[in-house]
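Keeping the supplied structure of chain A fixed, place chain B upon it in accordance with the hints.
Chains as they are written, first to last, in our numbering: chain A, 1 to 308; chain B, 309 to 746.
Source of the hints: derived by calculation from the structure; they are not laboratory data. Please read all numbers here as calculations on a predicted model, not as lab measurements. Hints may contain errors.
Said to hold, decoys possible - Here are the simulated EDC-like pairs of lysine to aspartate or glutamate, each with C-alpha atoms no more than 20 Å apart in a straight line:
1) B:K480 <-> A:E81
2) B:K480 <-> A:E82
3) A:K201 <-> B:D424
4) B:K480 <-> A:D80
5) B:K317 <-> A:E81
6) B:K727 <-> B:D476
7) B:K317 <-> A:E301
8) B:K317 <-> A:D98
9) A:K176 <-> B:D476
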Amino acid sequence: MKNSRTINLAVNKDSYSIIFNAMASPCEVIVQTTDKQLALKLGDIVAAEVWRIEDKYSRYDHKSLCSAINSNAGQSVAIDEETYQLLTFADHCYQLSDGLFDISSGVLRKIWTFRGGSVQRTKFPSQTQVSAALSKVGWKKINFDRQQITLYKGMEIDFGGIGKEYAVDRGIILAKQLTSNPVLVNLGGDLAVTGPRINNKTWQVAIEHPDVDSTLGTDNSADMIVSLKSGALATSGDARRFLIKDGIRYGHILNAKTGWPIALAPRSITVVSPQCIQAGILATLALLQGCNAESFLTEQEIKFWARR
Amino acid sequence: MKTEKINIKAALTIATAALLGTNNLAQAESSTTASAEENTWEFDSAFLFYSEVDRVSAGEAIFNAKKIFDNEEVLNLKLTVDALTGASANGAVSQPTVQTFTRPSGSGQYEIAPGDTPLDDTFHDTRVQFNGQWTQPIAPDYIASGGVHISKEYDYLSLGVNGNIAIDFDRKNSTFSAGFSYFQDTFTPEGGIPKPFASMLIGNSNDPSWDEDFAKTRIGSEDDKSTADILLGFTQVINRRMLMKFNYSYSMVNDYLTDPFKILSVVDSDGAAQDYIYESRPDSRIKQSIYTQSLYHFDTSVLDVSYRYMWDDWEITSHTIDSRFRIPLGDSFGTESYLQPHLRIYQQSAADFYRPFLLENEALPVFASADYRIGEMTAFTVGIKYGMLVNNGHELAFRLEYYRQTPTDAGFNEPGVLKDVELYPTVDAIIAQVTYSF
Numbered sequence: 001m002k003n004s005r006t007i008n009l010a011v012n013k014d015s016y017s018i019i020f021n022a023m024a025s026p027c028e029v030i031v032q033t034t035d036k037q038l039a040l041k042l043g044d045i046v047a048a049e050v051w052r053i054e055d056k057y058s059r060y061d062h063k064s065l066c067s068a069i070n071s072n073a074g075q076s077v078a079i080d081e082e083t084y085q086l087l088t089f090a091d092h093c094y095q096l097s098d099g100l101f102d103i104s105s106g107v108l109r110k111i112w113t114f115r116g117g118s119v120q121r122t123k124f125p126s127q128t129q130v131s132a133a134l135s136k137v138g139w140k141k142i143n144f145d146r147q148q149i150t151l152y153k154g155m156e157i158d159f160g161g162i163g164k165e166y167a168v169d170r171g172i173i174l175a176k177q178l179t180s181n182p183v184l185v186n187l188g189g190d191l192a193v194t195g196p197r198i199n200n201k202t203w204q205v206a207i208e209h210p211d212v213d214s215t216l217g218t219d220n221s222a223d224m225i226v227s228l229k230s231g232a233l234a235t236s237g238d239a240r241r242f243l244i245k246d247g248i249r250y251g252h253i254l255n256a257k258t259g260w261p262i263a264l265a266p267r268s269i270t271v272v273s274p275q276c277i278q279a280g281i282l283a284t285l286a287l288l289q290g291c292n293a294e295s296f297l298t299e300q301e302i303k304f305w306a307r308r
Numbered sequence: 309m310k311t312e313k314i315n316i317k318a319a320l321t322i323a324t325a326a327l328l329g330t331n332n333l334a335q336a337e338s339s340t341t342a343s344a345e346e347n348t349w350e351f352d353s354a355f356l357f358y359s360e361v362d363r364v365s366a367g368e369a370i371f372n373a374k375k376i377f378d379n380e381e382v383l384n385l386k387l388t389v390d391a392l393t394g395a396s397a398n399g400a401v402s403q404p405t406v407q408t409f410t411r412p413s414g415s416g417q418y419e420i421a422p423g424d425t426p427l428d429d430t431f432h433d434t435r436v437q438f439n440g441q442w443t444q445p446i447a448p449d450y451i452a453s454g455g456v457h458i459s460k461e462y463d464y465l466s467l468g469v470n471g472n473i474a475i476d477f478d479r480k481n482s483t484f485s486a487g488f489s490y491f492q493d494t495f496t497p498e499g500g501i502p503k504p505f506a507s508m509l510i511g512n513s514n515d516p517s518w519d520e521d522f523a524k525t526r527i528g529s530e531d532d533k534s535t536a537d538i539l540l541g542f543t544q545v546i547n548r549r550m551l552m553k554f555n556y557s558y559s560m561v562n563d564y565l566t567d568p569f570k571i572l573s574v575v576d577s578d579g580a581a582q583d584y585i586y587e588s589r590p591d592s593r594i595k596q597s598i599y600t601q602s603l604y605h606f607d608t609s610v611l612d613v614s615y616r617y618m619w620d621d622w623e624i625t626s627h628t629i630d631s632r633f634r635i636p637l638g639d640s641f642g643t644e645s646y647l648q649p650h651l652r653i654y655q656q657s658a659a660d661f662y663r664p665f666l667l668e669n670e671a672l673p674v675f676a677s678a679d680y681r682i683g684e685m686t687a688f689t690v691g692i693k694y695g696m697l698v699n700n701g702h703e704l705a706f707r708l709e710y711y712r713q714t715p716t717d718a719g720f721n722e723p724g725v726l727k728d729v730e731l732y733p734t735v736d737a738i739i740a741q742v743t744y745s746f
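Chain A extracted, bound-state conformation (with noise of 0.2 Å):
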């Protein structure tokens, strides 16, 4: 997963873009400035940390914290005060999911296969194997506390959910200490902002649209842009992978209680919030809201936008 762990720089008509890859994506650090050698600094930094970040939580990289706390299920593994903390937000949105948002869900992407646009290759688990899964699923099963976590034998944790967005926002706290002048971190298309730009102009983001490159038609395939001058936003969801059963189509994300995919769920979300762990936590709990996606935003006065 660490091909070319380098920065490049492009200049950019009144800021430097620093651009690397991360956590399987494209990331990308602007900041207005004419200070090449800030901007240099800030890419450095910014992308060490990252990296950093992506180091300790993948759960693809078999050096990893999250690759030995999943080798080790069964016994107590050591972990520090940010991995702790991290666990207690992972702790905090599956009690205010009800139990559907769990870190330690990813065991039934095993019996889940999700491939863009194979509407014909649809296969899905027998409830046994569901089952069988979801034996290895739940939160509340694991122990931890600010010294150690413990998994029963056959369960694994990942941090899919939260690390690129946590990276996200120690990318923005790391630059506001270094600049005053403008940054953007983006990590993926997750990202935040450290204020307005210079004058007090807004950011102009464009998000992909989910549909792009895909097999299905739409008539809705341009990117939207949004103003953004605070905080941060994510998306959550991905048109390019789901399932289609019965002429219903199932996102991705998967119900850490009853095992399946999300039915009826918008193809993706786009939350705005101050942090963008946040943002991201709440376009992710949206989803999992299934066609009550948007009413459960709407009902909390969040800013987001919606694909179907």
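Using the frame of chain A, we list chain B on its own:
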């Protein structure tokens, strides 16, 4: 169902703040709607009326403007205008006979009826005060602040500067702060600065030699006072509901600390006033205080209790207990509102040179003042504040308080007629305030 879901957003905000160490919840909340709201000014205005029974009345208007910039810099500007009228105790003791005093300016005299506490009724002044404060983060977990102060009255000018640094640690659960302030005041009372212990000139102010004689009781037209303060503070979040603050302050006041309007009665062995002399205080004072405050957040209400102990090298010590309890009333009156009872208890011991009067046949002490404000006393304030949110989330609040100050009999032997007069009169005051934030 709706309230339950609103809680998800609020709970997530708290969880996020804990994770990212951005403990500033208000900031996080406000920036959600920030696209249009940021960079606007917040204004507060307050009108206060203070009235002591038979004595001073004051009206005060406060206008505060605050602006928060993008990088959490805060600019705060405050303008205070107050007007004071009425009478203030001049320090002389009550007598069974009529007493005549010369006004501080030297032009004209006033008479006090038998049995009345001598009050100088020439008090009227308008004060304009300006404070500006700039606060900004200078590094992660470091916040610096600096400010200026200008205050001008008819006979008084005060200039001040201050600086403060606050350091957060333990993921912003603890804050240590250190600050200083320095004030330079210039006093130019009408009639000049009286000579300490000079006798108040009483007689015919139209007499040709009056002005010359009056000038002999003066040592100049103005004098200065400087105040340097150091403040150390520590704030600790105890848990989700409780916050504690500890402060220590060290204050050095130098030069002219005497009140040019205050005198002492010199009485004979029958208690009859023979002379009135201008008071005299030391030219330095070192004050120290410790302060602790605790805020406790119940499910809906908030209790705020503080205690201060102050001591100085004038031998004054004081204890202050202040408590407020904020009780939200919900929207039972059609608008969101709260009630806030207030109780303050104050107790002070006298300065070592406090003398309610001096005896004729005694040697003059080095310093003496009969100012009731440095005598032994207890005081309490009880009050209530009612606040409500009016249209657009602006807050309107009313405060009504009653203040009573009771001097303690200082235990001086009271010769003759002084046994029959009130040497330690109580002071009662009413405070009314209206505040509007927009």
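Hints and how they fare:
1. B:K480 <-> A:E81: holds (15 Å)
2. B:K480 <-> A:E82: Holds, because 15 Å separates the two Cα atoms, which is no more than 20 Å.
3. A:K201 <-> B:D424: Distance ~69 Å between A:K201 and B:D424 Cα, so the pair is violated.
4. B:K480 <-> A:D80: The given pair, whose Cα atoms are some 18 Å apart, holds under the 20 Å limit.
5. B:K317 <-> A:E81: The hint is violated at about 24 Å.
6. B:K727 <-> B:D476: Violated: B:K727 and B:D476 sit about 59 Å apart, past 20 Å.
7. B:K317 <-> A:E301: holds (9 Å)
8. B:K317 <-> A:D98: The given pair, whose Cα atoms are some 14 Å apart, holds under the 20 Å limit.
9. A:K176 <-> B:D476: holds (16 Å)
Against the hints set out earlier in the document, violations occur for numbers 3, 5 and 6.
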